[in-house]
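Enquirer: The chain contents come next:
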Amino acid sequence: MQTLLLFRYVKWHYLEASKEILKGWGNILWFGFNYFSVLLLIRTFFSPWKKITWDYGRGFDISRYLFIFSSNLVSRVLGAFVRSLLIATGVVGQLALLFLGSIFFLFWLVLPALIVATFLYGIFLLF
Amino acid sequence: MASSSSFNFHIENSSLAQALWFDRYFRVALLRRIRKTSQWIFFLFVVLFLLTFIPAEGIVSPQASKILLGIVFLIFSYRAAIFLLERFGESLKTTLPLFAKGNFAELLSYEALHATQSAITYATSKGFLALDSSTLLFFLLKENPTIEFVLERMLLDTRELKAALEKQLGTQVLHLRKTTELAFAPDFQLTLQLAAELAKTEGHGKAELEDVLSAIAQQNAFFKQYLVEHGFVPERDVPNITRWHYQSRVKMAEQKKFWLKKNLRRYGTIGKSWTSGYTITLDQFGYDISKEVMGLRFPRAIGHKREKEAIERILSRQQQNNVLLIGNPGSGRRRLIQDLASKSALGECQNPFLNYKRVIELDLAQLVAATQSLQEAEEALSEIFHEVQRAGDLILVINELHNFVGEDAENAAGRIDIAGILASYLRLPQFPFVAQTTFAGLHRYLEQNPSLLSFFEQVEVTELSQQETLQVLQETVPAFESAYKKFISYPALQAIVAYADKYIQALPFPKKATDLLNDAMGYLARTPDKVLLADHVAQVVSERTQIPVGEIETTEKEVLLDLENLIHKRIVNQEEAVREVASALRRARTEIATRKGPMGSFLFLGPTGVGKTETAKALAAIYFGSESRMIRLDMSEFQNVTDVERLLGTPNQEGLLTGAVREDPFSLLLLDELEKAHPNILNLFLQVLDEGNITDGLGRKTDFRHTIIIATSNAGYQLILQAIKDQTNFSELKEHMLEYLFQEGIYRPEFINRFDGVILFTPLSEEHLIQIAGLMLKKLQDNMMREKGIEFQVSEELKATMAKLGYDPKFGARNMRRVLQDKVEDSLAVALLSNAIKRGDRISMDANTFEVRKI
Chain A
1 MQTLLLFRYV KWHYLEASKE ILKGWGNILW FGFNYFSVLL LIRTFFSPWK KITWDYGRGF
61 DISRYLFIFS SNLVSRVLGA FVRSLLIATG VVGQLALLFL GSIFFLFWLV LPALIVATFL
121 YGIFLLF
Chain B
1001 MASSSSFNFH IENSSLAQAL WFDRYFRVAL LRRIRKTSQW IFFLFVVLFL LTFIPAEGIV
1061 SPQASKILLG IVFLIFSYRA AIFLLERFGE SLKTTLPLFA KGNFAELLSY EALHATQSAI
1121 TYATSKGFLA LDSSTLLFFL LKENPTIEFV LERMLLDTRE LKAALEKQLG TQVLHLRKTT
1181 ELAFAPDFQL TLQLAAELAK TEGHGKAELE DVLSAIAQQN AFFKQYLVEH GFVPERDVPN
1241 ITRWHYQSRV KMAEQKKFWL KKNLRRYGTI GKSWTSGYTI TLDQFGYDIS KEVMGLRFPR
1301 AIGHKREKEA IERILSRQQQ NNVLLIGNPG SGRRRLIQDL ASKSALGECQ NPFLNYKRVI
1361 ELDLAQLVAA TQSLQEAEEA LSEIFHEVQR AGDLILVINE LHNFVGEDAE NAAGRIDIAG
1421 ILASYLRLPQ FPFVAQTTFA GLHRYLEQNP SLLSFFEQVE VTELSQQETL QVLQETVPAF
1481 ESAYKKFISY PALQAIVAYA DKYIQALPFP KKATDLLNDA MGYLARTPDK VLLADHVAQV
1541 VSERTQIPVG EIETTEKEVL LDLENLIHKR IVNQEEAVRE VASALRRART EIATRKGPMG
1601 SFLFLGPTGV GKTETAKALA AIYFGSESRM IRLDMSEFQN VTDVERLLGT PNQEGLLTGA
1661 VREDPFSLLL LDELEKAHPN ILNLFLQVLD EGNITDGLGR KTDFRHTIII ATSNAGYQLI
1721 LQAIKDQTNF SELKEHMLEY LFQEGIYRPE FINRFDGVIL FTPLSEEHLI QIAGLMLKKL
1781 QDNMMREKGI EFQVSEELKA TMAKLGYDPK FGARNMRRVL QDKVEDSLAV ALLSNAIKRG
1841 DRISMDANTF EVRKI
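Protein sequence lines, in the order shown, are assigned to chains A and B.
If you're matching positions, the first sequence starts at 1 in the numbering used here and goes up one per residue.
If you're matching positions, the second sequence starts at 1001 in the numbering used here and goes up one per residue.
Hint data in this document are derived by calculation from the structure and do not stem from the laboratory.
Every value quoted in this text rests on a predicted model; they were computed, and no experiment measured them.
Glycine included, every Cβ here is placed at the ideal spot set by N, Cα and C.
Please note: incorrect hints may appear among the correct ones.
Stated by the list, open to error - Pairwise CB distance ranges, derived in the manner of DEER restraints:
{"hint": "1", "chain 1": "B", "residue 1": "Val1173", "chain 2": "A", "residue 2": "Gly26", "range": "55 to 65 Å"}
{"hint": "2", "chain 1": "B", "residue 1": "Asp1288", "chain 2": "A", "residue 2": "Phe81", "range": "48 to 58 Å"}
{"hint": "3", "chain 1": "A", "residue 1": "Val110", "chain 2": "B", "residue 2": "Lys1251", "range": "32 to 42 Å"}
{"hint": "4", "chain 1": "A", "residue 1": "Ile28", "chain 2": "B", "residue 2": "Gln1466", "range": "21 to 31 Å"}
{"hint": "5", "chain 1": "A", "residue 1": "Leu120", "chain 2": "B", "residue 2": "Trp1040", "range": "44 to 54 Å"}
To be verified - Calculated Cβ distances over 12 Å to all of chain B for the following chain A residues:
{"hint": "6", "residue": "Ser70"}
{"hint": "7", "residue": "Val77"}
{"hint": "8", "residue": "Leu95"}
My request is simple: use the sequences and hints to build the entire structure.
Expert: This is how it looks when you write it as C-alpha cells:
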C-alpha cells in the first residue's frame, strides 16, 4: 500500500494537482481578459466615445458637414484614447498575472524538494 | 472483509480503499488543525527573526538570529509537508468510482464509506451475526457532526437518539463461533441500494452522507418509528432537509474556491460599459436592479423554470423582444427579474446577447413627480427610451405597466399614459423590454389597447408549489439566522408553509410564506427564546388572522370525535342528520380517501325552520371557533346566468363567492336556498366540489380546500311532510326524495353525487319545539344573570306556550325567535324600565299572560 501511495502521490502532485493549478490559473487569466474586456475594446477601438455622435441632418452644407464630421471624429479619437488606457492596463495586468502564475507554478513543482531542502538547512542552522 | 453471497460489498477493493488507509495513519482533519495552529507559530518566529535586522546593538546576537532562521525553515518545511499531505488526502477522497467491478462499496462517498467501515469493524469485534442499518446510523452520527446538525435542525435530540441506538446495538444477535464471517442484514443491503438510487436521482456522483441518512430513514424500522413519533414523514421530510443541507454544504465549499469561473464572474467587467452609450436621463429616474443583485450576491429564483426560459427566449429575439410578465403581487415576478439580472451579470444566459446587460427599472411615478407638465414628462420619457435604444447594453423594466396605459392613467394624479411613446420603441430590436402587470391590470387596462398588447409576448407567472416555497424559505434561513442571531427549526418552516397555505389566501406563494417567516422572526426577537418553533408560527398566524391556529390544530381531533354531542348542544332532534355530517367530516378530515375537494361538502334537504341553517352555524362555531367564520350566500339572488360575474368577480369588482373565500379560506360557506340558483351557477360548483378550487374573474385560483361547504334546499319538502304522515322509513324517503329531485330536474345526479353527504332534515315534533324553546330561554336566562344580575326562572309551562305559539307547519320553528322577542323579551324590558325588577331579584314569567313576577 505504501509504495502504491507513493506512486499515487507523484501522479497527483505532478499531474492532477498541477492540472488543477493550471486550470485555476487559466480561469484567473480569463477573468482578467473578461474584466478589462480587452478583445471587445480592440474590436470597438474606434467607436465613438459612449456612442456620442451628431446627426448630419438634411440638406448639404459644407461647413456644417465639416463641423459635424470633425465632432464625430473627436468622439472617435477620444473613444480610442480612453480605450487604449484600459487596454494597456488590462495587458499589463495580464502580464503580471502570467508572471505571478509562473512563479507559483514553479514553486509548486519544486515544493517537495524545497521541503527537504528547508528541513535540512534548518537542521544545519540549528545544530 | 465481510461479505454476503448476493450482495457484493468489498471496501478493500474499492477505489477509496487507499483514502481510508491513508486516513488511518494521517488523520486529515487532525492535519488541518495542526497546520492552522502552526501558522501562528510560524509568523511569530518570522517576526522574531526580522527583529534581528533592527540596527541596534545587543538586541539579538548573530547566533540567536541563526537559530531563529533555522526554526523558521523547520516550521516552513513542517507546514508545507502537512499541507501537501492534507491536500493529497483530500484528493484521495474524490477518486472516480470503478463501476465496472459491480462493488457496492464503490457507490458510497468517502465519509459514508468511512462510517460503514467503522460499523463493520465494531460489529466484527463485538461478534455480531450481521451488520444492520442501526449500526451504520450509529457510526454515521458518531463520526459526522454534519449529520448531527441535520437532526438538530429537525429539533431531534441526537444524544438521546445515539443512546437509544447504542442500547439497541446491545441487543444484536451474536454468532456462536468467532470464525463465522459477518453478514449484511437485509435492511443494510436495502439501505445502500436506496442510498445509491437517491444519489442518482439527486445527481450526486456517489451516495453522500445525506443520501445514506435519507435511505436509513426509509429502511430502518427503529429510526423510522423515531421520526414518526416526532411528527415527521420519513419519506418526505428527511430527503427534503438532507437535500437542503447538501446544497448548502456544496455551495459553501464552492464559495471558498475563488479561482472557479463561477466565483470570478461575480466581479463583473469594467470594459464592457466603456463600449456602451451614456444614459443620463435614465440614470436619474431608473433603479439599477443589476447593482441590487450584486449587493445580494446574485440571488436566483427557485422554480418558475418555464417562465425563466420564456423570458430569455423572448428577450433574445431580434424582433418583438418585449416581455409582459403577468402575475399577482407576491407570485415572484420581481424575483424573476432579479434572476435575469443575476444571470446576465454572471454571463450565464443561454444567449450571449443577454449577458452583461444592465437591468434598469424605470420609476415612472418619480419621473412624473419631477417634471412640471405632461409635455415635459413625455419629453423626458422619450429621451429615456432613446437612451435605452442607443446604449445597447440595457434591459428596461417597468413595474405595473397597467397604471400607465389608457385614459384612466391620463386622468389620475401622478400618472401619465405612456402607451403612445412606448409603442414606437417596442418594435425596435435594440429595445429589450420587460413590463410587469397583474391579471386585473391586464384585463381592465391593457386589453383595452390591443395594438400595444400585440407588441408583447405574455408570460404568466404561476404560483410556486409548497415544495418550492419550502426551498425559498430554506434559502433565506442563513440571512435571517445571522440577522436575528436565532436558530430556525425545520418544523417551523414546515408550519409556515402549511399555515400559509391553509389560513392565508389573499397572497400567493412564496410571498405569504416569506412574509410569515419575517413576522415570525420579528415575534421571536421579542421573546427570550432562541429557536423558532412551529408554536411561534402558530402564534403569529393567530395574531394576523384572528384564528386560534394552534388551538384548532390540537383540538381538532377532540372536536371531530365529539362532534355529534357538540352540535346537539345547539341543535334539537335531527339525530340522523347530525350523525351523517359528523361521520362524513371525520372521513374527510382523516383523509381516508384521496380527495381534492373542500374539507367537507353537504346538501341539507328539508322544510323551512327545522334547523338546517342553525346546524351550519353550529358547525362554524364548533369547527372554526366562531359563527362569524360563516360566509352566507343567498342563492335566490343568483337566478340569472349573468349573476356568474357577481359570484366570481370581474376586473372591476371582487366576486361575492371568490372574494370572501380568498379573504377567509378557513371558513364555512353556506349556500342558502340552492334550488333557486340558475343551473349554470350550479355547474360552477361542480368544479369547486370536485377539485376544491375555481378560477375567478381575474384569472386567479381560489382555493376551497380548507372550506366546509353546506348547501341548504327545501326543494321537495312536501315529500318529507307526506312521509311523516305515512310514517315511511327514513332511508326509503331519502331515495324517494332524490328520485323526485332528479325527475323534476331540480338537481342533476352528477351534482348531487359530488357532495360528501346529502342529509334530510325532518320536521320537528312538539317535544322538539319545547326543547328548542328551552334552549332559547336558557340563552336569555344566562344573559339576564350576566348583564342584569337577575335570576330568571323558566317554567315548563312557559316553554310549552312558546312552542305552541312559535310553531308553524310551513315555517317550522322559525317563528319561535319572534315569539321570544315579542312576548318574553318585551315583558322583561318593560319590567326593567319600570323598575319593577332590579339587580339581585329572582323572577319568573306567567306562561299565559307573560307577566313578570318576583319570587
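Enquirer: Hint by hint, say whether it matches the structure.
Expert: Going down the list of hints, with the structure as the test:
no. : hint                                : in the structure
1   : Val1173/B with Gly26/A: 55 to 65 Å  : holds (57 Å)
2   : Asp1288/B with Phe81/A: 48 to 58 Å  : violated (28 Å)
3   : Val110/A with Lys1251/B: 32 to 42 Å : holds (35 Å)
4   : Ile28/A with Gln1466/B: 21 to 31 Å  : violated (43 Å)
5   : Leu120/A with Trp1040/B: 44 to 54 Å : violated (25 Å)
6   : Ser70                               : holds (20 Å)
7   : Val77                               : holds (15 Å)
8   : Leu95                               : holds (17 Å)
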